[in-house]
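Chemist: Sequence:
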Amino acid sequence: MAEWASLKLERSLGSKISIEGTFFPLVLGGLLARGGIMGLHPFGVAFGAALILKGEKGFPFGLLGILMGMISLKDFSFALQTVLILGTLNLILPVIRKKKNQGTYLVILTGIVVAIVSGVAMSFAKLDLYAFLTVGLQSVLAGGFAIIFWFALSHQEAIWSGEFQREQGIAWLFILIGLISGLQGVQIMEINISVVLLSFFVLFISERSGAGTSAGVGALLGFLPQLTLSSQNLMDAGIYGLAGFCTGAFRRFGKLGIGTAFIAVMMMLTVFLQQEVIFSQLISSTLGLFLFLLLPRANHKKDFLKPKVIPEIETTVSKVKALAEIFDQVALSYQAAESESFDMRPEVSELMNVLVERVCRACPTMEACWNREFYKTYHIFFELFALVENETDVKLQQLPVEWKRHCGRLKEILLGIQFIIEQEKSQEKWRHRLVLNQEALSRQFLNVSHVIGNLAKELHTQHNWEIVKPSNLARRRRHFLDVGVTTFTKTGNSISGDNYASIAFSTTQHAFILSDGMGVGENAAKLSATALTLLEQLLTTGFEPEGAIQALNSILVMRSPEESFVTIDMAIIDLESSNIRLIKVGASATYLIGNDGVKLFESSSLPAGILNQIDTPVLDEKMENGEVLILLTDGVQDVLKEGPDWIQEFLKGIANHKSQAIADLIAEEARRLGGGALEDDGIILVVQKSYWSD
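Each residue of the sequence shown is one higher than the one before, counting from 802 in our numbering.
Hints in this document: simulated from the structure, not taken from any laboratory. Do not rely on the hints blindly, as some may be mistaken.
[Unchecked claim] Straight-line C-alpha distance at most 20 Å; calculated PhoX-like pairs for lysine-lysine: (1) Lys-1453 to Lys-1400; (2) Lys-1212 to Lys-1177; (3) Lys-875 to Lys-855; (4) Lys-1196 to Lys-1291; (5) Lys-1291 to Lys-1226; (6) Lys-1205 to Lys-1230; (7) Lys-1459 to Lys-1400; (8) Lys-855 to Lys-900; (9) Lys-899 to Lys-858; (10) Lys-1230 to Lys-1291; (11) Lys-1442 to Lys-1459; (12) Lys-1400 to Lys-1423.
Note that the structure is predicted; figures quoted are calculated from it, not measured.
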């Protein structure tokens, strides 16, 4: 039964591919190639360029349809030009496929190729200004319609499901205009195919969008396929515009009301305006109505998105966004305060005024010193401030005799300056610490702003998901991870100061982290465990790994004036690709066992918690299926402090083992090399990536 179900699925899928991949582009290409606008035929080339850039399997059938449509016009010169244009584009456009600005390149390249080929072909005929203007207009229209058709083909699934946005609908409206233009003059007995198609789509838009939209679409479909100012073309635009408006007004009465209104309007307008074609017009319109009635009934929903709790959800999202902006502004204010804090330092003249008020005010010679000999007194005080600031312990005996003769209270002045300078240095230390804390807080507020902003986006997205039928199937990752861990403690200790964590912080990324706390024993264990807990909370909240480490560093710096630092060794493995990111902050080397041997990754950076701002070196590497990643702390590597890297040499001799076996082998070798006496705690974490085997 399972095999029969699979066979049925494959057959149905194959039929779908054959219809969408062969018949659809073949018919669409043939009709668009026939379409014209102001005597020009840009639709075929534009559609061909869009098919080539999109690069789906059925695009050769679309090009074949375009060629057949061109041949049906019986203009073999233009058909040959089209073949040359599409052949040239088939060589050029695949190069720009999937590039960032491929739509812009499509417009430019299509226009240039059309202009060159048409210009060369025109040079063999009679040359005049009108001919060159025609070539220019043809190239502009071909380039413009090419990007419109490419956009429409890229969103055809939304059209088939009836759940399209405005831009997608407008793009397909241009394709419809080209189709109707290509069907001009195609008639089977008394049935005008273009009128059938036009009537069907006016009814279709009336049911789904109402009177206003259907009136506009009807007028466009009636006028643009020929784009001439003839009375017949203007009459068609008016007829179908009015028909769309009247049928859309009866939308609430369902298909029966829409169909009745459409036939009534078409009969009235045809009898009064187009009596010569009344029979053909009514037969064709009735056939379009019949096709519309066969179409499944539209499900009238204001939009196809998940119902929103309005205004509660939107209000919540706006409040969360406002909160993110508040944190952003707070961060900017801290940055501004950081730059202004250095302007708070007092000038020497201000300090000198304080000294004069405290010492010189009661001196009987103040008038003589600060009036008659102002410059000399000011110079002595200024030099004395500079001397005390530069030298730690200035004695009265060291001062020049001239200063002692000039000022009888020089001893009090010296003591006052020393007190002021000492006080200013103490304040400077606090100002510097304030600046460091402001800088740290600024960065953390920016990180919080980023996280809250992402939360607002997720909240908005979760309440705007398309409603789909719940599935009982679960998606399985491409890779699974085989993890092994071994730990040991310093000889004589019972508690290890090293800790590790395994964190799945996103749908496709998994982080493995080692942390070595300062020292050994209980305090080191608490410090490393706290660091890992904070990192896990920050990563799962939405912080980027680098931002999470910077936040941890700021917390450790501001925690206490005592030293408290940890090393962070983080490996982020992508479960859907071969990408791996290594972030090493004061950590030991990391090893990767692959087909090319044993690779070593290391960096030179200080642990977290020492400096206010630390470097977070990131190594972007590749980890293929079957390769083994080894993370370890310095207690393992420092078993042998001299000579070559013993771990790298040891790993070269390891055969294929499970991750836990590799970790155990490294730990046993470390104990053997240490002679049974281990000087530090250690952790070995081994990760092996493998494909699921069916």
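Chemist: Compare the structure with the hints numbered earlier in the document and write down the numbers of the violated ones, lowest to highest.
Modeler: 3, 4, 5, 6, 10, 11
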